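Chemist: Listed below are the residues making up each chain.
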Amino acid sequence: MSLRYILLAVALMAIVTYIPRALPIVLFKRKIKSQRITSFLYYTPYAVLGAMTFPSIIYSTGNLYYSIAGTLVALGLAYLEQGLMKVALGAVLIVFLCHVYF
Amino acid sequence: MAKDNQTSEKNNIKKPIAKENSINDFKQGVKKGLPIAFGYVPVAFAFGLLAVKGGIPVWIAILISMTNLTSAGQFAGVGLIMAQATLFEITLTTFVINIRYMLMSLALAQKVVEKMPRLHRSIMAFGITDETFAVSSLEEREITFPFMMGLITGPYFGWALGTALGAILTNFLPVAVQNSMGIALYAMFIALIIPAAKKSKAVLVVIIVAIAISSAFKWVPFLNKLSQGWVIILATVIASAVGAIFFPRSEERV
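First to last, the protein sequences are chains A and B. The opening residue of the first sequence carries number 395 in the working numbering; numbering runs sequentially from there. The opening residue of the second sequence carries number -6 in the working numbering; numbering runs sequentially from there.
Incorrect hints may appear among the rest.
[What the hints assert, rightly or not] No more than 25 Å apart at the CA atoms, straight line, and that leaves these computed lysine-lysine pairs for DSS-like:
1) Lys25(B) x Lys191(B)
2) Lys108(B) x Lys425(A)
3) Lys423(A) x Lys108(B)
4) Lys480(A) x Lys191(B)
5) Lys480(A) x Lys24(B)
6) Lys24(B) x Lys192(B)
7) Lys25(B) x Lys12(B)
8) Lys12(B) x Lys24(B)
9) Lys108(B) x Lys12(B)
10) Lys12(B) x Lys423(A)
11) Lys20(B) x Lys480(A)
12) Lys20(B) x Lys108(B)
13) Lys480(A) x Lys192(B)
14) Lys480(A) x Lys25(B)
15) Lys25(B) x Lys108(B)
16) Lys192(B) x Lys25(B)
17) Lys427(A) x Lys108(B)
[What the hints assert, rightly or not] Sample of chain B residues lacking proximity to chain A, with all beta carbon distances greater than 10 Å (derived):
18) Phe19
19) Lys20
20) Gln21
21) Lys24
22) Val51
23) Glu133
24) Met142
25) Leu158
26) Thr163
27) Phe165
28) Pro214
29) Phe215
If you're looking for bench data, these hints aren't it; they were derived computationally from the structure. As the structure is a prediction and not an experimental result, all values here were calculated from the model. Note that beta-carbon positions come from the ideal geometry of N, C-alpha and C, so glycine has one too.
Please take these sequences and the hints and turn them into a complete structure.
Modeler: Structure, rendered in structure tokens:
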């Protein structure tokens, strides 16, 4: 793994991460009027995050059951609206305790 | 005459107020960004850990976080670098994973002050992440450049700092801790969507549809050949379309 290869990969990653972020907001200066489209756009973040989280989350810790325990804790804390940090750390803590005690 | 005085007075006052408004907007943004910044630390920590464990130098792990500022794309990209994939494959995969930002960027274009100049747009675009997007789209009013820059600041440094900590502490942490950190990213996503799903049945339906599609493409034979980036895009487009068709939003705000 040469340094040149890694740096090139990182630069390419940075470019293809920036382009999708910038293009639409720079190009579309006028607001979209269509209710269909604005509704669609309103729902996208929830769809993206849902699809990214499940089912990936249950493969995220190297143990299916521990991951499920962590997922349930995250769901519970999020339902109680505990905020990003508490939910993330709560899930990590439960998975860690499972690793330690089982 | 009196009228003239009024207008000139108005013009005189306008500038300092505008400046004060930008400072206030920036501060407000910073305030809203802090929970994201704290949420990023454990996730970035997990990233730094994974990268260095896989043989990436500490400074490069930090460089990746400071130039990419993205969760899923970085995890995937570093995984591919460790597997010595071709540059083409790395570029294509991270691009596909990041296509979702186009949807967010387009949605934000509806939400920002219409007359924001292109230069400002291109600068703030760097800070669009799943989380900063979710928070800014929940704002009641139009988004200004100072607000967005404030919102981005905390998460940017939280992401870099978390990566640095994870990268440096790798060798001191027991494996159990390292494995446990893997769930942090997803737990954070859950924290972002559940409160909204609680309040809106439409959002809940959209989330369930998206999850059903991504699960199908994970477990159903043949369907599971499609790469994760494409699955996310497909699930997003279908689920959001279902939302738009069955629960069109009547309000003005996006």
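Chemist: Hints first: check each against the structure and report whether it holds.
Modeler: Results of checking the hints against the structure:
Taking the CA atoms of Lys25(B) and Lys191(B), the gap is about 21 Å. The hint holds against a cut of 25 Å. Only pairs whose Cα atoms come within 25 Å are accepted, and Lys108(B) paired with Lys425(A) is accepted, the gap being roughly 11 Å. The hinted pair formed by Lys423(A) and Lys108(B) meets the criterion: a straight-line CA distance of about 8 Å does not exceed 25 Å. Among the hinted pairs, Lys480(A) with Lys191(B) is consistent with the structure: their alpha-carbon atoms are about 18 Å apart, no more than 25 Å.
At roughly 17 Å between alpha-carbon atoms, Lys480(A) and Lys24(B) fall within 25 Å of each other, so this suggested pair holds. For the hint pairing Lys24(B) with Lys192(B), the CA-to-CA distance comes to about 23 Å; that is within 25 Å, so the pair holds. At most 25 Å may separate the alpha-carbon atoms for a hinted pair to count; Lys25(B) and Lys12(B) meet this at roughly 20 Å. Between Lys12(B) and Lys24(B) the alpha-carbon distance is near 19 Å, which keeps this suggested pair within the 25 Å criterion.
Annotation: proposed proximity of Lys108(B) to Lys12(B) holds, straight-line Cα distance about 17 Å (limit 25 Å). Our distance criterion of 25 Å between C-alpha atoms is met by Lys12(B) and Lys423(A), whose separation comes to about 23 Å. For the hint linking Lys20(B) to Lys480(A), the alpha-carbon distance of about 23 Å falls within 25 Å, and the restraint holds. In summary, the hint linking Lys20(B) to Lys108(B) is supported, as the alpha carbons are separated by about 21 Å, within the 25 Å threshold.
Only pairs whose Cα atoms come within 25 Å are accepted, and Lys480(A) paired with Lys192(B) is accepted, the gap being roughly 20 Å. Of the pairs offered as hints, the one joining Lys480(A) and Lys25(B) holds, with about 16 Å between alpha carbons and a cut-off of 25 Å not exceeded. Restraint check for Lys25(B) and Lys108(B): satisfied, since their Cα atoms lie roughly 23 Å apart, inside the 25 Å limit. Proposed proximity of Lys192(B) and Lys25(B) is supported: the alpha carbons are some 20 Å apart, at most 25 Å.
For the hint pairing Lys427(A) with Lys108(B), the CA-to-CA distance comes to about 16 Å; that is within 25 Å, so the pair holds. The Cβ of Phe19(B) lies farther than 10 Å from every Cβ of chain A, with a closest approach of about 19 Å, so its non-interface assignment holds. Every C-beta of chain A lies more than 10 Å from that of Lys20(B), the closest at about 20 Å, which supports listing it as non-interface. The non-interface label for Gln21(B) is consistent with chain A: the shortest C-beta to C-beta separation is roughly 18 Å, beyond 10 Å.
With a least beta-carbon separation of about 13 Å from chain A, Lys24(B) lies farther than 10 Å from that chain, consistent with its non-interface assignment. Distance check for Val51(B) against chain A: the nearest CB is about 13 Å away, which clears 10 Å, and the non-interface claim stands. Chain A leaves Glu133(B) outside its interface by the beta-carbon criterion, the shortest separation being 14 Å against a cut-off of 10 Å. With a minimum CB-CB distance of about 14 Å to chain A, Met142(B) clears the 10 Å threshold, and the non-interface call stands.
Here Leu158(B) stays apart from chain A, with its beta-carbon at least about 14 Å from theirs, past the 10 Å limit. Against the 10 Å criterion, Thr163(B) stays outside the reach of chain A, whose nearest CB is about 16 Å from its own CB. Against chain A, the non-interface label of Phe165(B) holds: every CB pair exceeds 10 Å, the least being about 15 Å. Every CB of chain A lies more than 10 Å from the CB of Pro214(B), the least distance being 15 Å, so the non-interface label holds.
Annotated as non-interface, Phe215(B) keeps its C-beta farther than 10 Å from every C-beta of chain A; the closest such distance is 17 Å.
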